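Could you put the whole structure together from the sequences, leaning on the hints where they help?
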Amino acid sequence: MRPDSLLLLSLAVSGLAFSSLAVSEIAIPATAAAGSPSSSFGAPGGKGADAKSQPAAQLLLTGKVSSAKSQTFSVPKAGDAWRYQIQWMLPEGSLVSSGQVVVVFDKSQVANQIEQLEASMLRVSAQEQSQSIELKSKVLQARFELKKQLLEQEKAQLVAAVPADFIAAKEYADNQFKLLQLNAEVTKAKQALAEALDTEKATLAQLKIDKEKAALELAQAFKDLDSLELKAEIAGPLLLGREPWSNKKFEVGDTVQVGRQIATVPAMEDLEVIAWVNEVDVDRLKSGQAVTMRLDAEIERAFPGQIASIGRQAINLPAWGRSNWFEVGIRFKAPEDIAMIPGMSVLVETGGKHEAL
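Those letters in the sequence shown? Residues -22 to -1, 1 to 335, per mature numbering (1 follows the signal peptide of the UniProt record, and there is no 0), in order.
Hints are computed from structural coordinates only; laboratory data are not their basis.
Note that the structure is predicted; figures quoted are calculated from it, not measured.
Virtual Cβ for every residue (Gly too), placed ideally from N, Cα, C.
All clues stand as given, with none of them false.
Cβ pair distances, simulated, as ranges:
#, residue 1, residue 2, range
1, 184, 296, 46 to 54 angstroms
2, 287, 195, 41 to 49 angstroms
3, 119, 86, 43 to 51 angstroms
4, 38, 315, 18 to 26 angstroms
In structure tokens, the structure reads:
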């Protein structure tokens, strides 16, 4: 056989082997995928099935029982401090009633501020009293000087009214000059009285402002002192918040930044489930979708629910990693023999068949 014929035959055999290998590589994953429950491929045997007839992929969410009506407790802005220590707090799970004290923060700094403001209030009051007496004394002195100068002026006017024909020319000139001097003294006395009255008015007004300011600061300090005791406005169980970075629940002795939420009291009515879904899976949920829920406390009992809302903005939860999460609100109707309390952990299952509400 010719060498070029042998070369063509060898290439043909190699191509056939390559085609067989490629077919086997494509068939293997298809067969494996056909046996996967979440796959969109058909049943084993190679025939495709309608994707709509396959159940949706299961998605498990974690959540907790919540209430549409609740009261949050945050560190108040009291005084100049930006952090306050939790001095006392009810244990988690305590059933609180309206008006009951729930959390007490350290009051020492505000109490010291109140002592300083009370001392300042006494100092301003004493200053107002002493300066008022002093200013009134200056006004009385100015009035006396004016009255004295007026009498002297009246006397000088009588003397200066004597005609020059009856007295010596020098005496007449002296009388006229003295009258001019007294007229100037009266003008000066009137100006001194006006200045004393203006000074009294301005000083007393400033002292009144200082006193009112001190009174307002003292009243605000007392309000700040009261604000360091947080009281419940509704009845319900106390749920403690968590530190956002360590995910540790707040406890007595913790020093917490102003504005940080440390506890919540949800009402016992209008219950719902708040769950969280990762940003990767949020497109797999839709409003009105049926779900199955189980309480961690009674994991064998399942009850239906329905997605009522899906958050529009993702939230970063540092304790759960770097991913973003969407809040999912779920309404439900639990069996009467299951005790539902806000704060209970719930496992939410989506996909598959669920009983509609």
